[in-house]
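A.B. asks: Protein chains in written order, with my numbering: chain A, -19 to 58; chain B, 3 to 379.
Do not take every clue at face value.
Under the rule of at most 20 Å between Cα atoms (straight-line distance), these lysine-lysine pairs were calculated in the PhoX-like manner [claimed, not checked]:
#, chain 1, residue 1, chain 2, residue 2
1, A, Lys2, A, Lys55
2, B, Lys187, A, Lys5
3, B, Lys55, B, Lys223
4, A, Lys36, A, Lys(-15)
5, B, Lys15, B, Lys223
6, A, Lys5, A, Lys55
7, B, Lys139, B, Lys163
8, B, Lys55, A, Lys2
9, A, Lys43, B, Lys15
These aren't lab readings, by the way, just hints derived from the structure by calculation.
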Amino acid sequence: MPDNKYSIILFYTIHDVLRAEKILKQHRIPHELVPVPRNLSSDCGMCVKLQDDIEKTLPLLNKIEMAGCYDAEGKHIH
Amino acid sequence: MIYFDNAATSFPKPKETIEHLNMFVNEIGGNPGRSGHSLSVDAARIMFEAREKLTEFINGDDSERLIFTQNGTESLNLAILGLLKDGDHVVTTSLEHNSVMRPLMFLMKERGVELSIIHCDPSGCLDMDEMARMIRKDTRAVIINHGSNVIGSIQPISEIKRAIGDVMIIVDACQTIGTIPIDIKTDNIDIICFSCHKSLFAVQGLGALYIRTGIDPTPLKFGGTGSKSESVEHPDFLPDRYECGTPNTPGIASLLGGLTFIENEGLTNISSKKRAVREKLVRGLSDIDGITVYGDIPGNIYVPVISFNVGGRLPSEVGYALNQQQIYVRVGLQCSPMAHKTIGTFPEGTVRVSPGYFTTNEEIDIFLEALKNIARQ
């Protein structure tokens, strides 16, 4: 997948980031934990970088409260 | 050496505890949730895994409602100080530890909280009708010592919950968790508070509580959480609302080891072994002339905590004599003056023996032999 086709999902806590990680691992969905990009939030924690179809993946994470979902250009998509 | 003070903290710890602790300190060492580097994330993963495992252990629904604290006392303080407001009425029992009694005494003075104490009988039994009668319109909570740290009696939480109706129940499970199965759903427990360094086999300096959805105590502490760092306001979301500052991550790693050990051994097996150890000790103690065992009713289920006295001897003398033979027990009031008034041993207290999962029959025999000699002198 080209590098510009990814999404970033922000959560409120590292606990929720790791809950999301657990679910993504269970479903074998390619992802990475990366530091929160400064242009999206001033938070100093981690977020999920998803290299997959975000629309298919989001329903899997619907029990976790998200702080925002962005595309590779930093556009707010959810 | 014979260690019979597991009600204070368990010793020795299983090898899984030490392995996890070593692994964390030697190989991870980062501050969880504080940075974007791998060691911080790995530390957060340890904490996440321990939180999930412990939540599952008590049959909680949502691991973010499982809060880590420094010890059982801090867990109880968070529940009690965080929920009771000016003029609230609260009910508790005469078996409570000072980790419940002292915050309640503070609230009586500072917030005008009204306290009703139900007096248990000398074997630790509660009168359920009296419990039901104590409940008023303004009763905010009932606080129950699940397993006595003095006589080992166990309170029937489901029965108490039935007697008190919709009133919130806060359970002090320091002596029961890891010894008998606890299911917060079956027992309808609203808040469960406990330490992790006793029968959950973590190292000292770790406690936890689980708060049912819909209950939101005011935090005890405010500060850095690694989240919402742009704001000077403390976050509302869990678990960060109640956990700030650097946590005891080495302790949490050791808890993960302890829980793994319990899972491998099986809680049912642990429960029955501890029960057998207690029964052997109680039988042996009761057979020695001059020894009085407190609160034991044959056939009842207890946690392995036994209080006794040797006729004509102060508990401290007995403890001293045992210590000289490298047998370690706890003597005195065990931070529970009210409980000793209940069983009639205030102010001298008792000799308390609390064997653990690793206690052997041989250790019990040596201990009983030592006591026979002390009782004869």
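A.B. asks: Does each hint fit the structure? Answer for all of them.
C.D. replies: Structure-based check of all given hints:
1. A:Lys2 x A:Lys55: Not OK: lysine 2 of chain A and lysine 55 of chain A at ~26 Å, beyond 20 Å, violated.
2. B:Lys187 x A:Lys5: 29 Å, violated
3. B:Lys55 x B:Lys223: Roughly 25 Å separates the two Cα atoms, so the pair is violated.
4. A:Lys36 x A:Lys(-15): 15 Å, holds
5. B:Lys15 x B:Lys223: Measuring from Cα to Cα gives roughly 30 Å; hence the hint is violated.
6. A:Lys5 x A:Lys55: Roughly 26 Å between the alpha carbons, so the hint for lysine 5 of chain A and lysine 55 of chain A is violated.
7. B:Lys139 x B:Lys163: The hint holds at about 16 Å.
8. B:Lys55 x A:Lys2: 13 Å, holds
9. A:Lys43 x B:Lys15: Violated. Lysine 43 of chain A to lysine 15 of chain B sits at ~37 Å, over the 20 Å cutoff.
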